[in-house]
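Asker: Residue numbers (this note's numbering), protein chains in the order written: chain A, 34 to 321; chain B, 2 to 117; chain C, 345 to 702; chain D, 521 to 646.
The hints are simulated quantities; they were obtained by calculation from the structure and are not laboratory data. Watch out, some of these pointers could steer you wrong.
To be verified - No farther apart than 25 Å at their CA atoms in a straight line, the calculated lysine-lysine pairs in the PhoX-like style are these:
#1 C/Lys390 / D/Lys522
#2 C/Lys676 / C/Lys394
#3 C/Lys477 / B/Lys18
#4 C/Lys477 / B/Lys52
Stated by the list, open to error - Some chain C residues well away from chain A (every beta-carbon gap over 12 Å; in silico):
#5 Ala459
#6 Asp460
#7 Gln508
#8 Val515
#9 Lys537
#10 Ser547
#11 Cys605
#12 Lys626
#13 Gly654
#14 Met683
#15 Asp685
Said to hold, decoys possible - Short derived list, chain A residues pointing at chain B, Cβ under 7 Å:
#16 Met66
#17 Gly68
#18 Asn284
#19 Ile285
All values derive from a computational prediction rather than experimental measurement. We treat Cβ as the ideally placed atom computed from N, Cα and C, and that holds for glycine.
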Amino acid sequence: MVKALMVVLLVVIMAPLLGGLLTGIDRVLTARMQGRVGPPVLQPFYDVLKLLGKEALAANRRQVAWALGYLVLIIASLALFCLGGDLLIIVFTMAFAAGSFVLGGFSVRSPYSHIGSQRELLQMLAYEPVLILLALGVYLQTGSFMVKDLFHQSQPLLASMPLVFIALLIVLTIKIRKSPFDLATSHHGHQELVKGITTEYSGPYLALIEVTHWYELVLLLGLAAMFWTHPLGAGILLALAAFFIEMVIDNICARLTWNWMIKFTWTGGIILCLINLGVIWVLRAGGV
Amino acid sequence: MAKMISTVMSNLTHCPKTRLYPLEERQLPPGTRGQIEFDMTKCIFCSLCAKRCPADAITVDRKGKTLVFNPFRCIICESCLEGCPKDAISLFSHWRAPVTALYEQKYQPEPGQAGD
Amino acid sequence: MGRITAPFGPQHPVLPEPLHLNITYEDEKVVGLSPAIGYVHRGLEKTAEKKEYPENVFLVERVCGICSFMHAMTYCMGIEELMGIEIPPRAQYLRVFYSEISRLHSHLLWLGLFADAFGFENLFMQYWAAREKILDLMELTGGQRVILSSCAIGGIRRDLNAEQIDTAQGVLMQTEEELKRINPVMLNAYTVKQRTVGKGMLSREDALLYGAVGPMLRASGVAQDLRQTGYAAYRELGFAPVVETDGDSYARALVRVRETCQSIELARKALERLPEGEAAVKVKGNPDGETMQRVEQPRGELLYYIKGNGSKNLERLRIRTPTFANIPSLLKMLPGCEMADVPVIVLSIDPCISCTER
Amino acid sequence: MKVDTIKTSPEAIVASAQKYFDDGCRLVAATCVEEGEELRVIYSFDRELSLENLEISTPREKAIPSLTGVYACAFLIENEMKELFGLEIDGLSLDLGGRMYLVDGAEPAPMADHNKPKAKEDEKIG
């Protein structure tokens, strides 16, 4: 029990530091890919510190509550993940967190915020099936939904589920808001939605959202690392490679529309997962 | 798409094309129209520059022998340079630090020269 | 989803110019819009009546920051016609050179902004990096990066020396190579085509009805480019307009991409054939009478109406900028499109609201 | 020197413009020039890269018909003339109500006070 509490405490403190650093590296590398000098690596931390120093102004109290809910639920799912918890519960907690974020966007009257929230919902519609299929795949392979049981595997998950990993890359692109799927907040681009779902957040509350994104980034990369648990170093390298691939994709694509995203994830992502799961199932049936 | 990947990779492995303004200074080509400067040893207060200035950035007091230049009105068009009969106006192009308040530059004849 | 009314501008991240469109969306589809401009009306036409006519060259340059040289040139051409001034051939060729590098820099700027409008930040940076070289060239030859101030009544104020011509040729060649690397991404990349092909359709008939000009008109299949009339030295250099027939945003991008290549070619040709001699003639007297001058700007046709009365001041100066003529077609194209396409379509007319409002 | 124009009357302008439209000409611009008490409007059409002008003169108070029925793009040009010169136009398809360039409380028709004595103008600026 004490050990579990220690892990949770460690996660709460370390994850944002790691997430912020990764975001900073992302910004520097993206700048270099575009031929720019780019900001210092610690820029995300400077940004958040500056936001924290600003006046706390919220459109209404519900908005703050939903933002807090988003943060707490993401931390909860990350903690569950680090404790080796049930993958299904983790996926659903993440969905709840995203739902809270969406409701925060709907709780204000800005049209940009509303459209951003609608798009965030569409994004959830696009990636949730893939995540659930991922959990299902883990179950088929290991006979358990628990993350900690993955560590008893002799063979990395990547070997048996390469197609699911590719589908996870698509989910990562959506979740860390990269082109071609940067639809709900227009993270880099801002072109059509100004700042989409986060338009009406400012000061410390925006900092809160930013920090939540860092937690989320760590969690998502954790999901990627899960594909190679033995040794864990390889998994971390795999996650970093996935992160780098995301940056490259971001830099070679234009942003696309939401209808295209739904079409692509539902055909591409889900079919990839289903084929992979089918193969596993057939192999296991044949083996048994 | 493949073209873009090669661009991305070559950018990643080469020096960035931007520079850290204003920490790194840029070499300006000769003849850059930066700002103008008056040489009061040559000025005869004929006020031709003030007359030719399209932005009314120069005011010359012919009797009081003073010339007031407003750098914030100046559009660096070189009209005054072309109009000056004594070549008393020259260009220079140093980097000028930003300021928080507007100011005017007053020019008076150098002592002992009294605008010959 | 119900109806949502969201403003596009006057301050919008994709278009740093004060165009204000109040757009009503239904399921992210544009169903209604009302335009408003007038945030930066400076009354330059009126100011021009108070300044003396040689000073107005610098005034009209500031109608638009991007096509400043062409504004000055059109004005000078008008005054020269009124005063019966014949400018030396060297000045004619230099005017072509400056016009074409201005067009090049304007088109590269637009291609970058257009890439930004559909969320392709990297392509945006690549185009702007290429444009930076042209701006440096402008600084080398004209003395400043954007507002060149090199055109004057009677010719060109700064003549080029042999060394500058060599550098200019080199820069233009480099830019051509650079564009060979970037242009295919704009034209062939799958994600880009997804966002531009078939967006913002304007048929040939509508283009005429709504008075579209420049690349808009040429992308809709009308082969009209005022450089065909042969002002400055275009007649000697030979010129054929770039035409596309699809009339969508992709066709407009394609027209501009091809025009950048054409501009490089024309600018280099102008430098190669640059005649010897003076670059300007002395001007005496005052303009009298009225004239209309038209010039092809990067954004389209520019019209100047100048009326003088024999004194140093003009009686009337009227400037019809290309964006002014393209706004009605924009209002035609927007209804019925997706929300995500609004920035793309707005950008596809290459809006310059500051010129529009003078 | 004068710009070549074909003089016509305000009543006939719509019919003449229709003729240009039927020939596939493009409306380039309309230029309003103040001449004494009269306002002169020059409509410029582009026929295969050559400019053809129609000209009408009208007293300031008298409204002229709008071309928006023929050329849809004319609404912007006519709104501009209306606002800056105080020219009355009948049958505008989209009337921006004098709020295209000007703001509430602005002096109406700012371009039109062109012929007032100079001294008075300087006074106003000062």
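Asker: Going by Cβ atoms only, is A/Ile285 closer than 7 Å to chain B?
Answerer: holds, 4 Å
Asker: Can we confirm that no CB of chain A comes within 12 Å of the CB of C/Lys537?
Answerer: violated, 9 Å
Asker: Quickly compare the C-alpha distance for C/Lys676 and C/Lys394 to 25 Å and report which way the hint goes.
Answerer: Given that 25 Å is the threshold and the Cα spacing comes to 38 Å, the pair is violated.
Asker: When the nearest CB of chain B is found for A/Asn284, is that gap smaller than 7 Å?
Answerer: Constraint on A/Asn284 satisfied, holds at 5 Å.
Asker: Is the Cα-Cα distance between C/Lys477 and B/Lys52 25 Å or less?
Answerer: violated, 36 Å
Asker: Straight-line Cα separation of C/Lys390 and D/Lys522 no greater than 25 Å?
Answerer: holds, 21 Å
Asker: Does the nearest C-beta of chain B fall within a distance shorter than 7 Å of the C-beta of A/Met66?
Answerer: Because about 5 Å separates A/Met66 from the closest Cβ in chain B, which is inside the 7 Å limit, the hint holds.
Asker: Below or equal to 25 Å on CA atoms is what counts here, so check C/Lys477 against B/Lys18.
Answerer: Distance ~11 Å between C/Lys477 and B/Lys18 Cα, so the pair holds.
Asker: According to the definition I'm using, a residue is off the interface if its beta carbon is farther than 12 Å from all beta carbons of the partner; does C/Ser547 meet that for chain A?
Answerer: Per Cβ check, C/Ser547 is outside 12 Å of chain A; nearest 24 Å; holds.
Asker: Would the non-interface assignment of C/Gly654 survive a Cβ cutoff of 12 Å against chain A?
Answerer: holds, 52 Å
Asker: Compute the least Cβ-Cβ separation between C/Cys605 and chain A, then decide whether it is above 12 Å.
Answerer: holds, 22 Å
Asker: Is the interface hint satisfied for A/Gly68? The criterion is a beta-carbon contact with chain B at less than 7 Å.
Answerer: holds, 4 Å
Going through the hint list in order, the structure does not satisfy hints 2, 4, 5, 6, 9, 14 and 15.
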